[in-house]
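Here are the chains, one letter per residue:
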Amino acid sequence: MSLLSLSNVWVEYGEKVVLERIALDIEEGAFVSIIGPSGAGKSSLLRVILGQEKPTRGRITLDGAPLPAECGPDRGVVFQRYSVFPHLTVLGNVLLGAEFAAAPFAARLFGSARRAAIAEAEAMLGEVGLGDAKDLYPAQMSGGMQQRLAIAQALIKRPRILLLDEPFGALDPGIRADMHQLITRLWREHGLTIIMVTHDIKEAFGLGTRVLTLDKRRHDPHAPHRYGAGVVYDLALTRKQAAEAPPPPVVDPPSITIDTIGNN
Amino acid sequence: MRWVTAQPTRRGSLLLGALPLLVLAFGYIIAAAARHADNPADKILPLPGAMAAAMAGLVFEADPLSGQYLFWADTIASLSRLGMGLGIATLSALLVGLVLGALPPVRATLGPLVTAIAVIPPIALLPILFIVFGLGETAKVALIVVGVAPFMIRDVAGHIGALPREQVIKALTLGANSWGVILRVALPQAMPRLIEGLRLSLGPAWVFLISAEAIAADVGLGYRIFLVRRYLAMDVILPYVAWIALLAVVMDVALTFASRRLFGWAHLGAR
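Chains as they are written, first to last, in my numbering: chain A, 2 to 265; chain B, 494 to 764.
What the hints contain is simulated information worked out from the structure, not anything from laboratory work.
The reader is advised that the hints may include incorrect statements.
Going by beta-carbon spacing under 7 angstroms, a handful of chain A positions derived as facing chain B [claimed, not checked]:
| no. | residue |
| --- | --- |
| 1 | Gln53 |
| 2 | Ala66 |
| 3 | Ala70 |
| 4 | Cys72 |
| 5 | Val78 |
| 6 | Phe80 |
| 7 | Leu97 |
| 8 | Phe101 |
| 9 | Tyr138 |
| 10 | Arg186 |
| 11 | Trp188 |
| 12 | His191 |
| 13 | Gly192 |
Cβ atoms here follow ideal geometry from the backbone N, Cα and C, with glycine treated the same way.
Generate the whole structure from the sequences, applying the supplied hints.
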């Protein structure tokens, strides 16, 4: 059984149909990249999976159980910006997840529980390369370091699915390459299931084991809002599922002309 | 060098800042001396010596009627009214502003009420306050609260409401509930803004304090100024005004310092 399953999901804002007939099954351990033109509903799809928005129609199940339409610790997220809390240090940002879980009223930990949480948080910070930065505030860090922190903060909750909303879109090319290596390593070592929305086709193919392209299948020139976007390409990049492969070769985007699912 | 990019040094800006004050003081002394040359009994622009003599009586000598050192009694009375008013306003701004900003249903319910109260000129409410609370301390404190709390509430609520949506979502995915978001995400980020709001409210708070004291009081800085006005006692009024200015500046500086010390993260961007 697949980890996350969407069947006949529609997202509509009033008259405007954003997504229509989305049917997806995402396996555990997949790294799914979602690409598509602006306004094709990539972020809407992510928000629906995240639970930030409720689909107008359709059914989403996680591990076979219907997904509640609210955000919870089973789905972690990293946004392009504003994913970290400016008033907490790096360590405080990573500790926050443990504090919310263990102390619903005070939302703080004390004594040995706190020491254990700190040890775990420091280990996670070491993994993302922020071991020496734990007392800095986000405003003192570069964009790349902030995204590393956001990833560590999400991973410490061991989410079933990690959702990335253009996580590297605002970074310099060099930093972005480092972040690609980092996320690939974390994905392998932790056995994560990742869904990433991106604008960068090279990134989508370079990182993903599966690439989804969202676009409108039909277009009514007199009422462009009447048809929503669907999954027009669903490409499984099978050669990368072998986890021992070194940093994966980038598949050349122009080669994607084969239509595997029948383009209606 | 262009004017728009010129950066005075630390010492230079201190000197530049002191210059207008010195010019003002010097100009006053020249004008006062000129008036006294015409009329040695002039009361409108008293010389520094006359001001010092008048103030010495209020600062160092007990009033024969009440047995109080009037200057200190006035200062304590005014500061305690101001402190109580600002304290209540700050506390209510924190509580109301926080839930108003963080919980959209509460904002929908109470937002229009707070806006309606905020647009009423507080001085217009002073007669009501005097009628309801009598002429005692409560009415004066209440005027300060009514005057500054709505602004502070709206400021805090606006700031919390404008926090990036991503922060709330992120906190929820970290396992927070609404209470957790308020306690660990909204409250800490409201605090520096609250102090900034308090700092900006100092000016209006002094206005309301002096107004209330001018109308009904028997002690207080504002009361004294309006009392001695009847005798054209500029030698008391001017030092009192300077003292009020000094107190206000000290409070302002103390709040800025406290915010930098307690909430350093909020000032990192401004380096």
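Consistency of the hints with the structure:
no.: 1; hint: Gln53; in the structure: holds (6 angstroms)
no.: 2; hint: Ala66; in the structure: violated (18 angstroms)
no.: 3; hint: Ala70; in the structure: violated (12 angstroms)
no.: 4; hint: Cys72; in the structure: holds (4 angstroms)
no.: 5; hint: Val78; in the structure: holds (5 angstroms)
no.: 6; hint: Phe80; in the structure: holds (5 angstroms)
no.: 7; hint: Leu97; in the structure: holds (6 angstroms)
no.: 8; hint: Phe101; in the structure: holds (4 angstroms)
no.: 9; hint: Tyr138; in the structure: holds (5 angstroms)
no.: 10; hint: Arg186; in the structure: violated (22 angstroms)
no.: 11; hint: Trp188; in the structure: violated (18 angstroms)
no.: 12; hint: His191; in the structure: violated (16 angstroms)
no.: 13; hint: Gly192; in the structure: violated (19 angstroms)
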